[in-house]
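Enquirer: Numbering (the working numbering), first residue to last: 1425 to 1574.
The hints are simulated quantities; they were obtained by calculation from the structure and are not laboratory data.
Fair warning: this is a prediction, and the values are worked out from it, not measured in the lab.
One or more of the hints may lead you astray.
[What the hints assert, rightly or not] DSSO-like mimics (lysine-lysine), calculated; alpha carbons at most 27 Å apart, straight line:
1. Lys-1485 - Lys-1524
2. Lys-1485 - Lys-1544
3. Lys-1564 - Lys-1544
4. Lys-1564 - Lys-1485
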Amino acid sequence: MKRFKIWSIAVAMFAALFLVSCDKDDDNDSINYDYLSGTWTVDYPEGVITEGYTHYTFSPKTSSEGTLEVYSMDWLAARDTTYHNRYTLDANGHLQSFRKTEDGSEQVYHNLYITRLTAKEMRWVFHMTDGTADQVTDLKRVEKKESDNR
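Build out the structure end to end from the sequences listed, making use of the hints.
Expert: Structure (structure tokens):
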């Protein structure tokens, strides 16, 4: 009887540990496109020095399309630029943004896959034409400061 009790406790502890670790893994890999709305910036590794920054502000109109404002600040050139794009997003995370050209037509500006999207983190993967990953970019949500609300 004593041996049965010990085995029961061991099995219960193993099951609890297994369920907790699976739940945590699922959260890390989940993509909730409701989190896309808002402003994002590239999350550079610690110690990387950049010559500026870019903010990407997504404003969804539906679950599959919306507008994307791209604001870039270049400290070295002492200039900032804002582009107003349209984007589409499919269920597989394929995002394309389109920018109007001078003649009024649209050209593809971004062509990437969102492979991670949480409330605070996003990962973009750009692919070569042969399907291999060309670039992986991690982004973080830009938090509004109290002064931004004035």
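Enquirer: State for each hint whether it applies.
Expert: Status of the hints after comparison with the structure:
At roughly 18 Å between alpha-carbon atoms, Lys-1485 and Lys-1524 fall within 27 Å of each other, so this suggested pair holds. Among the hinted pairs, Lys-1485 with Lys-1544 is consistent with the structure: their alpha-carbon atoms are about 21 Å apart, no more than 27 Å. A hinted pair counts as satisfied when its Cα atoms are at most 27 Å apart, and Lys-1564 with Lys-1544 qualifies at roughly 6 Å. A hinted pair counts as satisfied when its Cα atoms are at most 27 Å apart, and Lys-1564 with Lys-1485 qualifies at roughly 22 Å.
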